[in-house]
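Asker: For the record, the sequence lines run as chains A and B.
With the numbering used here, the residue at position 41 of the first sequence is 41, and numbering never jumps.
With the numbering used here, the residue at position 74 of the second sequence is 420, and numbering never jumps.
Hints are not guaranteed to be accurate.
Cut-off 27 Å, straight-line C-alpha distance, at most; resulting in silico cross-link-like pairs (DSSO-like, lysine-lysine) [to be verified]:
# : chain 1 : residue 1 : chain 2 : residue 2
1 : B       : Lys432    : A       : Lys104
2 : A       : Lys126    : A       : Lys157
3 : A       : Lys175    : A       : Lys155
4 : B       : Lys642    : A       : Lys228
5 : A       : Lys185    : B       : Lys598
6 : A       : Lys104    : B       : Lys380
Interface residues of chain A toward chain B, partial, derived using beta-carbon atoms under 8 Å [claimed, not checked]:
#  : residue
7  : Asp42
8  : Trp105
9  : Arg221
10 : Gly224
11 : Val273
Among the chain A residues that face chain B by a calculated CB cut under 7 Å, a handful are [said to hold, decoys possible]:
#  : residue
12 : Phe23
13 : Val25
14 : Gly41
15 : Thr44
16 : Thr65
17 : Asp83
18 : Ala99
19 : Phe101
20 : Gly186
21 : Ser187
22 : Glu206
23 : Ser223
24 : Thr265
Honestly, the hints are just simulated from the structure, not real lab data.
Each residue gets a CB set at the ideal place from its N, CA and C atoms; glycine is no exception.
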Amino acid sequence: MSQTTERQFLLDSRGTSRELGAFVVGAAFDRTGAVAAFALGDGTVRLTPPHPTMDWPVVEAHDGTVLAIAADARPGFVTGGDDGRFLRIGPDGTVTELARFGSKWVEHVAAFADARSGVLACSVGKSAHLFTVAGQPLKTLTHPSTVTGLALDSKGKRVAASHYNGCSLWFVAAKTDSPRFMEWKGSHTGVVLHPAADAVVTSMQENSLHGWRLADGQHMRMSGYPSKTESMSFTRSGKWLATSGAESIVLWPFFGGGPMGKAPTELAGGDNVTCTRVACHPQHEAVAAGFSDGLVALADIGTGRILPAVPPGHGAVSALAWSADGSRLALGTETGFAALIDFTPR
Amino acid sequence: MSDSLVPVTVLTGYLGAGKTTLLNRILSENHGRKYAVIINEFGELGVDNDLVVDADEEVFEMNNGCVCCTVRGDLIRILSGLMKRKGGLDGIIIETTGLANPAPVAQTFFVDDGVRARTRLDAIVTVVDAKHLLARLEDSHEAEEQVAFADVIVLNKTDLVTPEELDVVEARIRTINRFARIHRTSRAAVAIDQVLDQGAFDLARVLEREPGFLDSDEHSHSDSIISMSFEVSRPIDPEKFNAWMSTLLAEKGQDMLRTKGILAYANDDRRFAFQAVHMIADGGFIGPWAPDGERKSKLVFIGRNLNRPQLRRGFEACQAGVYQAVAASA
Ligand SMILES: [Zn+2]
Ligand SMILES: [Zn+2]
Chain A
1 MSQTTERQFL
11 LDSRGTSREL
21 GAFVVGAAFD
31 RTGAVAAFAL
41 GDGTVRLTPP
51 HPTMDWPVVE
61 AHDGTVLAIA
71 ADARPGFVTG
81 GDDGRFLRIG
91 PDGTVTELAR
101 FGSKWVEHVA
111 AFADARSGVL
121 ACSVGKSAHL
131 FTVAGQPLKT
141 LTHPSTVTGL
151 ALDSKGKRVA
161 ASHYNGCSLW
171 FVAAKTDSPR
181 FMEWKGSHTG
191 VVLHPAADAV
201 VTSMQENSLH
211 GWRLADGQHM
221 RMSGYPSKTE
231 SMSFTRSGKW
241 LATSGAESIV
251 LWPFFGGGPM
261 GKAPTELAGG
271 DNVTCTRVAC
281 HPQHEAVAAG
291 FSDGLVALAD
301 IGTGRILPAV
311 PPGHGAVSAL
321 AWSADGSRLA
331 LGTETGFAAL
341 IDFTPR
Chain B
347 MSDSLVPVTV
357 LTGYLGAGKT
367 TLLNRILSEN
377 HGRKYAVIIN
387 EFGELGVDND
397 LVVDADEEVF
407 EMNNGCVCCT
417 VRGDLIRILS
427 GLMKRKGGLD
437 GIIIETTGLA
447 NPAPVAQTFF
457 VDDGVRARTR
467 LDAIVTVVDA
477 KHLLARLEDS
487 HEAEEQVAFA
497 DVIVLNKTDL
507 VTPEELDVVE
517 ARIRTINRFA
527 RIHRTSRAAV
537 AIDQVLDQGA
547 FDLARVLERE
557 PGFLDSDEHS
567 HSDSIISMSF
577 EVSRPIDPEK
587 FNAWMSTLLA
597 EKGQDMLRTK
607 GILAYANDDR
617 RFAFQAVHMI
627 ADGGFIGPWA
637 PDGERKSKLV
647 FIGRNLNRPQ
657 LRRGFEACQA
667 GVYQAVAASA
């Protein structure tokens with residue numbers, strides 16, 4: 001590759017990267033945007049330091065593999081691991097155990113906070129456990145089979161859990177707990193909520209997505225993927241759902257009546273590589289995407305313009321996250337490469 | 347097949363047959379190799395290993411609406427999680443509950459792309475109890491299926507029966523599955539290399555160990571499992587074979603537990619290996635035929651209600667250059 005080509009990637013001009021030596025399971029920025037965290041297959045969480053030239057602090061978090069990470073309702077992060085523990089990790093690396101579930105894996109975590117309220121959530125087997133921001137157990141929501149995905153809505157009022165034969169939608173503050181069960185036969189493997197709560201969408205074992213319009217329960221079926229969709233993200237406006245699982249970024253329109261009967265928009269991509277992760281920009285109608293060859297690019301949905309961020313060659317992208325203000329992107333790969341890209345105007 | 351794929355051994359067997367004893371034996375003899383063990387939480391005994399994962403045996407139907415097309419949803423998640431661990435694993439051992447049907451486990455390794463990309467099903471090992479097997483087979487379809495699916499059968503507790511009784515039990519096993527390798531033991535004392543790294547699902551080795559083609563017409567109940575094999579010497583026409591096999595699996599797949607074959611395609615010097623669990627099939631070219639050897643195509647069926655003459659005629663009609671007439675409607 002020539003020098004001129006290399007310079008076209010933002011990683012060279014605006015990136016910081018490290019080889020972390022283990023599968024990057026997830027990445028997140030904390031609520032303040034000051035710290036990014038990378039959750040690894042060796043059980044550690046790596047934090048970004050106060051100054052870019054310093055070493056990345058290593059947090060010994062789980063005995064085994066970290067399975068999930070999210071920004072905490074406070075500064076810092078929450079994580080789940082295959083050691084059955086649900087942890088809170090402070091921005092300084094302090095580890096606090098929120099709960100311990102024995103030999104069961106803590107597979108999914110989520111957290112929400114605004115000025116008035118907040119909630120923490122994790123899933124263990126068939127149960128989703130909710131906690132107060134202080135870490136006190138709030139309630140346990142039980143499902144007919146193992147929870148395969150967990151999502152809190154943009155107001156922290158509802159939690160959606162995907163499982164076999166559909167997904168369940170619960171109100172966090174309900175006095176009596178009974179979910180709205182969105183039923184569709186088959187194995188649902190992940191879930192995402194529309195930012196204005198117009199719809200809930202699940203990924204399925206059979207290389208397709210299933211959606212329900214919340215107003216009337218109308219079903220939506222989105223198929224045609226050559227492989228499983230492991231990553232889904234709505235744009236901030238809720239107009240588009242970006243998805244992985246194809247050779248390009250597949251975007252379904254959620255305006256003008258929804259995606260039914262329409263073809264999706266496809267951006268970026270190439271032959272024989274699969275889009276593995278997507279993350280919509282928190283402010284603009286743009287999406288960051290990672291591919292199986294290691295390429296990371298930012299796509300402007302309106303113009304279709306592609307901004308290459310990281311060149312191929314660092315392993316399949318397995319983690320992608322924006323800071324809340326959209327100024328920085330964190331990414332990680334299956335082979336342990338991790339990077340931060342700075343998008344602040346210069 | 348790539349060596350980077352982690353081999354997976356499935357351990358089945360009825361409650362009390364000695365499955366967990368065998369598992370602990372394997373783990374205590376593991377000579378520093380690193381195994382992950384996936385157990386169900388209602389296992390017979392404790393398992394002594396650093397990495398033990400509780401599974402829920404969640405059997406999910408696939409979206410085609412067919413009752414035999416099932417996978418283990420929990421296994422897909424667990425295997426995906428284990429593959430993220432640092433340092434890798436030398437192998438994975440899955441212990442199923444006594445009542446488990448092995449088909450969903452096996453089908454998981456054919457169906458899920460993520461699982462296929464990182465692991466390979468090495469062998470299904472079934473532990474049976476010499477004293478109680480015959481009674482179990484009479485009252486339980488699962489016991490029969492576990493024998494039928496096995497690549498390796500550990501015939502355990504041989505010290506509790508007479509040599510004559512043992513021969514009767516082994517003969518009964520052979521009516522169900524004449525292709526599995528049988529190890530007679532007491533206290534599950536079978537060598538680790540007879541159980542792990544068998545390559546039984548490796549297409550290249552599918553039929554290598556197959557015993558002679560003893561076609562006998564043993565008596566069986568109408569719905570009991572039997573096994574049979576066929577051999578043809580003229581080259582196979584791939585289109586004819588695919589058409590015949592897909593129709594056969596679609597119509598009779600629920601009764602067909604395992605199908606395996608090595609095929610000599612016309613105008614191709616490579617061996618084609620085929621296998622299916624119920625309706626879910628997989629196939630690919632493996633190494634070349636021996637330059638001077640005979641190129642015989644072989645096919646093995648294990649299942650219920652197998653119609654020997656019909657299967658034989660169907661396979662023979664797949665040979666290239668064999669004329670046939672079939673009924674047709676306008
Ligand atoms: Zn079926
Ligand atoms: Zn009889």
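Asker: Take the hints in turn and mark each one as holding or not.
Answerer: Here is how each hint holds up against the structure:
Distance hint between lysine 432 (chain B) and lysine 104 (chain A) is fulfilled; the C-alpha atoms sit about 19 Å from each other, no more than 27 Å. About 21 Å separates the Cα atoms of lysine 126 (chain A) and lysine 157 (chain A), which keeps this hinted pair within 27 Å; it holds. For the given pair, lysine 175 (chain A) sits about 18 Å from lysine 155 (chain A) by alpha-carbon distance, which is consistent with the 27 Å threshold. Taking the CA atoms of lysine 642 (chain B) and lysine 228 (chain A), the gap is about 39 Å. The hint is violated against a cut of 27 Å.
Of the pairs offered as hints, the one joining lysine 185 (chain A) and lysine 598 (chain B) holds, with about 24 Å between alpha carbons and a cut-off of 27 Å not exceeded. Taking the CA atoms of lysine 104 (chain A) and lysine 380 (chain B), the gap is about 21 Å. The hint holds against a cut of 27 Å. At about 4 Å, the closest approach between the beta carbon of aspartate 42 (chain A) and any beta carbon in chain B falls short of 8 Å, and the interface hint on this residue holds. Look at tryptophan 105 (chain A): its Cβ gets to within about 7 Å of chain B, closer than 8 Å, so that hint holds up.
Here the hint on arginine 221 (chain A) is broken, as its CB sits about 11 Å from the closest CB of chain B, past 8 Å. Interface hint at glycine 224 (chain A): violated, since its Cβ lies 15 Å from the closest Cβ of chain B, which is beyond the 8 Å cut-off. Checking valine 273 (chain A) against chain B: minimum C-beta separation of about 14 Å lies over 8 Å; hint violated. With a least beta-carbon distance of about 4 Å to chain B, the hint placing phenylalanine 23 (chain A) at the interface is held under the 7 Å criterion.
This hint holds: valine 25 (chain A) has a C-beta 6 Å from the nearest C-beta of chain B, less than the 7 Å allowed. Annotation: interface hint on glycine 41 (chain A) holds; nearest CB of chain B at approximately 4 Å, less than 7 Å. Given the 7 Å rule on beta carbons, the hint for threonine 44 (chain A) is violated: about 9 Å separates it from the nearest Cβ of chain B. Taken as an interface hint, threonine 65 (chain A) checks out: its beta carbon lies about 5 Å from the nearest beta carbon of chain B, inside 7 Å.
Interface hint at aspartate 83 (chain A): violated, since its Cβ lies 11 Å from the closest Cβ of chain B, which is beyond the 7 Å cut-off. Given hint, alanine 99 (chain A) at the interface with chain B, is violated; its Cβ is 17 Å from that chain's nearest Cβ, farther than 7 Å. Given the 7 Å rule on beta carbons, the hint for phenylalanine 101 (chain A) is violated: about 10 Å separates it from the nearest Cβ of chain B. Given the 7 Å rule on beta carbons, the hint for glycine 186 (chain A) holds: about 5 Å separates it from the nearest Cβ of chain B.
The restraint placing serine 187 (chain A) at the interface with chain B holds, with a minimum CB-CB distance near 5 Å, inside the 7 Å limit. Taking 7 Å as the C-beta contact cut-off toward chain B, the hint placing glutamate 206 (chain A) at the interface holds, the least distance being around 5 Å. Nearest Cβ of chain B to the Cβ of serine 223 (chain A): about 10 Å, over the 7 Å cut. The hint is violated. Interface hint status for threonine 265 (chain A): violated, as the beta-carbon distance to the closest one in chain B is roughly 25 Å, over 7 Å.
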